[in-house]
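These protein sequence lines are chains C and A, in that order. Just so we're aligned, residue 1 is where the first sequence starts under the working numbering, counting upward by one. Just so we're aligned, residue 1 is where the second sequence starts under the working numbering, counting upward by one.
Simulated from the structure, these hints should not be mistaken for lab results. Honestly, I wouldn't trust all of these hints.
Unchecked claim - DSS-like cross-link-like pairs, simulated, lysine-lysine; straight-line CA separation at most 25 Å:
#1 Lys224/A / Lys211/C
#2 Lys150/C / Lys10/A
#3 Lys10/A / Lys211/C
#4 Lys94/C / Lys10/A
#5 Lys87/C / Lys10/A
#6 Lys10/A / Lys118/C
#7 Lys198/C / Lys60/A
#8 Lys26/A / Lys150/C
#9 Lys68/A / Lys211/C
#10 Lys39/A / Lys150/C
This is what each chain is made of:
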Amino acid sequence: MHDENDPSRLTEDEKKLFEDLMPEDLDEILDSGVNRRHFLKLVTLAGGGMLAAQSAVAEQLLTKPLSSSPTELSSATIENGVTVSLKVNGTTQKLVVDSRMTLLDTLRERLELTGSKKGCDHGQCGACTVLVNGQRVLSCLTLAASCEGKRVQTVEGLAQGTTLHPMQAAFLKHDGFQCGFCTPGQLCSAVALIEEAKNGHASYVTEAIRKQPAPVQLSNEEIRERMSGNICRCGAYPNIVAAIQEVHSGKPVEQTFNFSA
Amino acid sequence: MRPFTYTRAKDPTAAVNQLSGNPNAKFLAGGTNLLDLMKEDVERPNELVDISELGLRDIKAIANGPQKGGISIGGLGKNTDAANHALIRQHYPLLAQAILAGASGQIRNMATNGGNLLQRTRCPYFYEVSMPCNKREPGTGCGALEGINRTHAIFGWTEKCVAVYPSDMAIALAALDAVVSVRNASGQERTIPFADFHRLPGDKPEQDTNLAHGELITAIELPKNNFAATSYYLKVRDRASYAFALVSVAAALEIVDNKIVQARIAMGGVAHKPWRALKAEQLLVGKEATDANFKLAADAEMAGAKPLDHNRFKVELGNRSIVLALQMAMNGGKA
Numbered sequence: 001m002h003d004e005n006d007p008s009r010l011t012e013d014e015k016k017l018f019e020d021l022m023p024e025d026l027d028e029i030l031d032s033g034v035n036r037r038h039f040l041k042l043v044t045l046a047g048g049g050m051l052a053a054q055s056a057v058a059e060q061l062l063t064k065p066l067s068s069s070p071t072e073l074s075s076a077t078i079e080n081g082v083t084v085s086l087k088v089n090g091t092t093q094k095l096v097v098d099s100r101m102t103l104l105d106t107l108r109e110r111l112e113l114t115g116s117k118k119g120c121d122h123g124q125c126g127a128c129t130v131l132v133n134g135q136r137v138l139s140c141l142t143l144a145a146s147c148e149g150k151r152v153q154t155v156e157g158l159a160q161g162t163t164l165h166p167m168q169a170a171f172l173k174h175d176g177f178q179c180g181f182c183t184p185g186q187l188c189s190a191v192a193l194i195e196e197a198k199n200g201h202a203s204y205v206t207e208a209i210r211k212q213p214a215p216v217q218l219s220n221e222e223i224r225e226r227m228s229g230n231i232c233r234c235g236a237y238p239n240i241v242a243a244i245q246e247v248h249s250g251k252p253v254e255q256t257f258n259f260s261a
Numbered sequence: 001m002r003p004f005t006y007t008r009a010k011d012p013t014a015a016v017n018q019l020s021g022n023p024n025a026k027f028l029a030g031g032t033n034l035l036d037l038m039k040e041d042v043e044r045p046n047e048l049v050d051i052s053e054l055g056l057r058d059i060k061a062i063a064n065g066p067q068k069g070g071i072s073i074g075g076l077g078k079n080t081d082a083a084n085h086a087l088i089r090q091h092y093p094l095l096a097q098a099i100l101a102g103a104s105g106q107i108r109n110m111a112t113n114g115g116n117l118l119q120r121t122r123c124p125y126f127y128e129v130s131m132p133c134n135k136r137e138p139g140t141g142c143g144a145l146e147g148i149n150r151t152h153a154i155f156g157w158t159e160k161c162v163a164v165y166p167s168d169m170a171i172a173l174a175a176l177d178a179v180v181s182v183r184n185a186s187g188q189e190r191t192i193p194f195a196d197f198h199r200l201p202g203d204k205p206e207q208d209t210n211l212a213h214g215e216l217i218t219a220i221e222l223p224k225n226n227f228a229a230t231s232y233y234l235k236v237r238d239r240a241s242y243a244f245a246l247v248s249v250a251a252a253l254e255i256v257d258n259k260i261v262q263a264r265i266a267m268g269g270v271a272h273k274p275w276r277a278l279k280a281e282q283l284l285v286g287k288e289a290t291d292a293n294f295k296l297a298a299d300a301e302m303a304g305a306k307p308l309d310h311n312r313f314k315v316e317l318g319n320r321s322i323v324l325a326l327q328m329a330m331n332g333g334k335a
């Protein structure tokens with residue numbers, strides 16, 4: 001950056017970028033000597049990643065601070081910045097986030113892991129389900145700032161190289177998706193569900209709840225109840241249940257459909 | 001979401017001190033309700049104090065004191081862990097069932113036991129900031145009173161507010177006479193009997209509980225009881241799972257020589273707080289556990305209901321739900 005000594009003035013590159021983005025506001029901004037820090041924050045927060053891809057100037061402007069140390073980024077651009085270090089799909093990530101940033105937005109916008117989907121953004125659809133420290137949670141209702149030191153696994157972390165996770169293979173075999181939007185969340189939830197059943201976790205439909213926790217044999221009713229936090233609007237449920245049943249039982253479950261030739 | 005500062009509290013004392021210094025600060029634990037409300041602009045804290053790493057997660061038998069022989073559940077423990085703990089499943093299956101009736105696997109993994117009690121109503125007029133709501137903005141009126149109030153209260157409501165309280169876990173805790181332990185900024189601990197924890201709307205519907213600002217729920221204690229073999233949590237809702245209750249019933253009986261010596265019935269989805277069906281309970285004590293007596297008890301309780309325009313069905317639904325929950329309890333919780 002060129003004008004470190006006068007933070008209120010925009011550089012030529014920044015002016016150009018601003019003109020590209022919000023030409024009607026440019027004069028006012030130049031007259032009033034907008035706070036350069038505020039400008040950068042605007043650009044970064046209002047979808048800076050997307051804009052950067054569209055504008056060569058923006059790319060030049062933004063790649064430098066983004067690729068430099070997170071602390072520097074914090075002081076320049078982020079409101080209520082919080083430094084957080086977390087392990088995502090096995091890789092440690094240290095970054096500075098706005099305190100409001102959810103884990104979902106961090107995964108998608110900052111770490112470019114776009115498998116986790118933003119559906120309702122209010123914890124009602126399950127499309128954003130990921131595993132945190134091995135447990136399935138909703139990343140849309142999790143603040144990134146609260147993930148310090150935690151392990152996060154997303155749908156991108158399920159496969160081993162080009163070998164699919166058994167749950168992914170079963171979803172493919174049984175066509176456990178139609179539009180596919182909710183599938184990453186369904187997969188994360190399904191993988192966690194198998195583990196929960198193995199550990200003896202009960203559900204509302206589990207009988208003999210007073211018995212000491214022991215591995216639960218999953219009926220279709222149990223699977224439906226346990227997957228109820230994942231909503232599929234196109235209704236691939238029967239196939240999703242079949243896929244989970246196959247992985248859970250370890251035995252082939254008959255397909256209810258055939259691919260056309 | 002509006003800007004806020006975020007800090008991680010290091011210990012309970014630091015947490016309550018931090019909160020007490022700022023009337024607009026909130027504790028953040030599981031976040032499942034608070035973040036949703038912040039995204040909707042219903043809650044507008046300017047500071048969040050993250051208490052999720054403070055410990056306070058243990059579930060243990062109580063060895064001494066007034067609750068001796070009971071169980072203590074950490075305020076910051078996760079709902080999933082409470083529902084699946086061997087002690088709770090064996091001795092308080094009603095509580096395990098109620099927790100498992102609520103929300104989804106993902107949410108129960110996030111939500112804490114203390115936070116569960118502090119859930120705010122899901123009344124759509126409370127959630128929609130363009131509508132009047134005395135709970136959200138005191139003095140603006142109640143959109144639900146003359147509005148679409150199908151899911152609203154039939155007991156204990158006032159002209160100021162007809163919203164219902166959403167937690168399932170708390171309905172079981174009400175039936176089990178739980179006690180809530182809290183710590184304030186001066187480091188003092190106090191206990192609140194469950195019946196006094198949540199409030200009816202009265203003239204102050206904006207105040208959900210009798211918890212003071214800055215008080216932290218450290219534990220929920222359950223007294224020893226003899227209900228484990230004859231209890232059941234019944235939840236009736238618009239879809240099979242992952243929906244709030246239209247009506248729910250936590251039913252627990254203690255039977256000696258074919259007679260009911262203790263009865264506990266609490267209802268969800270019918271009032272501004274967990275509704276203890278005291279009339280029904282009184283009617284059952286000393287009687288035999290027969291369907292006819294269950295029906296008499298249900299009739300006695302529901303006779304006091306005051307339905308709104310769109311929720312008259314809850315009176316009959318509540319009546320049948322009380323009877324069914326008691327039958328299920330007698331059947332060891334099996335259908």
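Hints versus structure:
no. : hint                : in the structure
1   : Lys224/A / Lys211/C : holds (19 Å)
2   : Lys150/C / Lys10/A  : holds (17 Å)
3   : Lys10/A / Lys211/C  : violated (37 Å)
4   : Lys94/C / Lys10/A   : holds (21 Å)
5   : Lys87/C / Lys10/A   : holds (22 Å)
6   : Lys10/A / Lys118/C  : violated (32 Å)
7   : Lys198/C / Lys60/A  : holds (24 Å)
8   : Lys26/A / Lys150/C  : holds (23 Å)
9   : Lys68/A / Lys211/C  : holds (24 Å)
10  : Lys39/A / Lys150/C  : holds (24 Å)
Against the hints set out earlier in the document, violations occur for numbers 3 and 6.
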